[in-house]
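Once you've looked at the hints, dock chain G against the given chain B.
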Amino acid sequence: MRITQGCFSFLPDLTDEEISAQVEYCLSKGWSVGVEFTDEPHPRNTFWEMWGHPMFDLKDPKGVMIELDACRKAHPDDYIRLNAFDSTRGFESVVMSFIVHRPQVEPTIRMVRTEVDGRSIRYTHEVVR
Amino acid sequence: MDDVASEPKPTAIDLRAEFETSGVREVLEELDAELIGLEPVKQRIRETAALLLVDRARKALGLAHDTPTLHMSFTGNPGTGKTTVAQKMAGLLHRLGYVRRGHLVSVTRDDLVGQYIGHTAPKTKEVMKRAMGGVLFIDEAYYLYRPDNERDYGQEAIEILLQVMENNRDDLVVIMAGYADRMDRFFSANPGFRSRIAHHIDFPDYSDGELGEISEKMLESQGYVFDAAARRAMDEYVALRRQQPHFANARSIRNALDRARLRQANRLFEGRAPVDAAALSTITEADLRASRVFSGGLDPDGNRARDQ
Chain B
1 MRITQGCFSF
11 LPDLTDEEIS
21 AQVEYCLSKG
31 WSVGVEFTDE
41 PHPRNTFWEM
51 WGHPMFDLKD
61 PKGVMIELDA
71 CRKAHPDDYI
81 RLNAFDSTRG
91 FESVVMSFIV
101 HRPQVEPTIR
111 MVRTEVDGRS
121 IRYTHEVVR
Chain G
1 MDDVASEPKP
11 TAIDLRAEFE
21 TSGVREVLEE
31 LDAELIGLEP
41 VKQRIRETAA
51 LLLVDRARKA
61 LGLAHDTPTL
71 HMSFTGNPGT
81 GKTTVAQKMA
91 GLLHRLGYVR
101 RGHLVSVTRD
111 DLVGQYIGHT
121 APKTKEVMKR
131 AMGGVLFIDE
141 AYYLYRPDNE
151 RDYGQEAIEI
161 LLQVMENNRD
171 DLVVIMAGYA
181 DRMDRFFSAN
191 PGFRSRIAHH
201 IDFPDYSDGE
211 LGEISEKMLE
221 SQGYVFDAAA
231 RRAMDEYVAL
241 RRQQPHFANA
251 RSIRNALDRA
261 RLRQANRLFE
271 GRAPVDAAAL
281 STITEADLRA
291 SRVFSGGLDP
301 DGNRARDQ
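So the sequence lines, in the order shown, correspond to chains B and G.
Mapping to the UniProt record's numbering: the first sequence position 76 is 76, numbers consecutive.
Mapping to the UniProt record's numbering: the second sequence position 270 is 270, numbers consecutive.
Simulated from the structure, these hints should not be mistaken for laboratory data.
Here the structure is a predicted model, which is why all the values come from computation and not from measurement.
One or more hints might be untrue.
[Unchecked claim] No more than 27 Å apart at the CA atoms, straight line, and that leaves these computed lysine-lysine pairs for BS3-like:
#: 1; chain 1: G; residue 1: K125; chain 2: B; residue 2: K29
#: 2; chain 1: G; residue 1: K88; chain 2: B; residue 2: K59
#: 3; chain 1: G; residue 1: K125; chain 2: B; residue 2: K59
#: 4; chain 1: B; residue 1: K73; chain 2: G; residue 2: K125
#: 5; chain 1: B; residue 1: K73; chain 2: G; residue 2: K123
#: 6; chain 1: G; residue 1: K59; chain 2: G; residue 2: K42
#: 7; chain 1: B; residue 1: K29; chain 2: B; residue 2: K59
#: 8; chain 1: G; residue 1: K42; chain 2: G; residue 2: K217
#: 9; chain 1: G; residue 1: K123; chain 2: B; residue 2: K59
#: 10; chain 1: B; residue 1: K29; chain 2: G; residue 2: K123
Here chain B stands alone, though its shape is the one from the complex (with noise of 0.2 Å):
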């Protein structure tokens, strides 16, 4: 299943000239861009892990997009999503945040109900692949 989080998710996939043009443009506001992955897609997994360190200082898109190529090697089959931070006092949090790499088979997400407590119904979502 597509998973949509973020900008852009119902779009189809961006080029790596448009993820090229949008991080120029997040580079344009100030904003530091960070390069992150998962292999688990649920919606309330947040917490991705950070390939490298969030990257303050640059002045062009190819630095972040050397890191992407370089995490998109050693990650193939794992979601890659690229962050921008914006440090301005008073907003200090990720204000733009995209995937740019998603597995060739996306797992799937299957809903689970379990009755509890009597009649109660519990709904959790679990990942299969």
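Same frame as chain B, but now just chain G:
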């Protein structure tokens, strides 16, 4: 440029017009106006600019072209303007469209080489990423390699540097700078480097007259002027200072001027009379003549703390 296939290619290109519109002329004129002397360097930069313009025209006409290797090495004695020229070079390459941003990232050994195993590669890569789209200026590049210390991580930084220089030729131009003799030794120890650097530019020492002009220009930029006698004293100072150890061309002149301003301030202060704008911005002969250089010069033992 090349993604629009339907657009007809021009059949002729006016190099003169290109020269005017690309902004290269402004950079070269700036270079002529702001930098005194350095004729061979300016000549070399003009040639490089011409080559890049021609290359760009070839590309526009659809002729075979290859991104030229633009990595450079600046060699010369201290204070000969290597950093300043590197900055101008970044602007020039940017206007010709060879680097996308045209910023200059200036680093030394400390920024590239780590302290322990596994520290160097991330550090070097970090610097490379910052320099992408611009010019990476490595000052005193020969310090990267220390043959006497086998536990030194400089070699690792050099390997990464070489790889990036080769693979990212479109993204980054590397300029290395340092004293001529030490750079020669550095290049002989790293044969890969010399061949990857296409432009070796040698910065000559300034002549006495040029240093005099430079001193005037420096003062002008700080909002001061020499009076006539002080200007003559400056020429004498330059000739005397040159014969002394630790002479660093324009940098020595800048230091001398800083000290002259100190003495001027002190003189005005001691004078106890009201001062006008002219007095506040004039360096007189006395301010310069007080320098130790005129009275027999430095301590021959080369005590640098006391030297000027």
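The hints, checked one at a time:
Under the criterion of a C-alpha separation no larger than 27 Å, the hint pairing K125/G with K29/B is consistent with the structure, at around 23 Å. For the hint pairing K88/G with K59/B, the CA-to-CA distance comes to about 18 Å; that is within 27 Å, so the pair holds. With a C-alpha separation of about 15 Å, the suggested pairing of K125/G with K59/B holds against the 27 Å cut-off. Simply put, K73/B and K125/G have alpha-carbon atoms about 17 Å apart, close enough for the 27 Å limit, and the pair holds.
Between the alpha carbons of K73/B and K123/G the distance comes to roughly 21 Å, so the proposed pair stays at or under 27 Å and holds. A threshold of 27 Å between alpha carbons decides the hint, and for K59/G with K42/G the separation of about 26 Å falls inside it, so the pair holds. Taken as a hint, the K29/B and K59/B pair is honoured in the structure, with Cα atoms around 11 Å apart against an allowance of 27 Å. Between K42/G and K217/G, the direct Cα distance comes to roughly 19 Å. Compliance with the 27 Å bound is thereby established for this hinted pair.
Between the alpha carbons of K123/G and K59/B the distance comes to roughly 17 Å, so the proposed pair stays at or under 27 Å and holds. Taken as a hint, the K29/B and K123/G pair is honoured in the structure, with Cα atoms around 25 Å apart against an allowance of 27 Å.
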